[in-house]
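J.: Residue strings, one per chain:
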Amino acid sequence: EADIYQTPRYLVIGTGKKITLECSQTMGHDKMYWYQQDPGMELHLIHYSYGVNSTEKGDLSSESTVSRIRTEHFPLTLESARPSHTSQYLCASSDWGLVNEQYFGPGTRLTVT
Amino acid sequence: GQNIDQPTEMTATEGAIVQINCTYQTSGFNGLFWYQQHAGEAPTFLSYNVLDGLEEKGRFSSFLSRSKGYSYLLLKELQMKDSASYLCAVRDRAGGGNKLTFGTGTQLKVEL
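Chains as they are written, first to last, in our numbering: chain A, 1264 to 1376; chain B, 527 to 638.
No lab work stands behind these hints, which were simulated from the structure alone.
Take these hints with a grain of salt, some might be off.
[Claimed, not checked] Quick list of simulated restraints, FRET-style, between CB atoms: (1) N556(B) / K1281(A): 32 to 40 Å; (2) S593(B) / K1281(A): 34 to 42 Å; (3) S1317(A) / G566(B): 25 to 33 Å.
[What the hints assert, rightly or not] Chain A stretches covered by chain B per the calculated footprint, using a threshold of three residues with CB under 8 Å from any CB of chain B: (4) 1311 to 1323; (5) 1363 to 1376.
Given the structure is predicted, the values throughout are model-derived calculations rather than measurements.
Just so you know, even glycine gets a beta-carbon here, dropped at the ideal spot from N, CA and C.
Please take these sequences and the hints and turn them into a complete structure.
T.: Right under this line is the structure:
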C-alpha cells in the first residue's frame, strides 16, 4: 500500500487568499508530481520534481508554485486563490525502477468562492 | 505531445468479460499504464506495458501493440466493485522520461 498523504482533504476558501496544499510520502521516492483533475475529466500534470531542489512545470499551465526542499515533501502554493482554481489536486510519487508506476495520494478538493 | 482516446462509458454484467480500448499517438513512447479510479478517490495502478503483447495479472490483463498505437484492458469475472473509471496513460521519453499523459477515462458500470 502506498504511503502518500495530502492535507487538507477538503478546503473551501475565499477569493484572494493564499493557500498551501501539503503532500508527503514516506517511500523515499525521488520523483513527485502534482495533477489537477476536474470532475469527469482527465488528470493534467501541473508540476513535477525529480529530486530535492528540482521542480518543473507540467503540461497544463498553472498559477500555482511548488517547492522541494526535502525528499518527502512537495507542497503546492496558490498566492491568490480564484474561483477558476476550484478543482481536485492529486499528488503522486514514483521511484526510479523499471516500471516507475506512480502512487497517488487521496487528493485535495479545493473550492474557491 | 500525446493524444489518447478511450470510450467515455461502458456497461457490463456481473460475471462477464469487458474490454476497454485505448488508442494513442506519441513521439517518444516509453510505456503505457492502466489505472483504476473509484469516484472521489485517487487512481490506483493496475498494469504496465512497454513491449508488445499481453500482460496478465489475476482477473485483469492488458495488451499493447506499439505499431498500432493501441492497448486494451481486459477485465474478467466482473464484480460490482469493478464499477469505476479506467484511465489509460502514456509515458513519454521527453522531460526526464517519467511524465504521464492521461486519457479522459472510461466509466465502467457493472450491473446485476
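J.: Please go over all the hints and tell whether each is borne out by the structure.
T.: Status of each hint after checking the structure:
no., hint, result
1, N556(B) / K1281(A): 32 to 40 Å, "holds, 37 Å"
2, S593(B) / K1281(A): 34 to 42 Å, "violated, 50 Å"
3, S1317(A) / G566(B): 25 to 33 Å, "holds, 31 Å"
4, 1311 to 1323, "holds (count 5)"
5, 1363 to 1376, "holds (count 8)"
Of the numbered hints listed earlier, the single one contradicted by the structure is hint 2.
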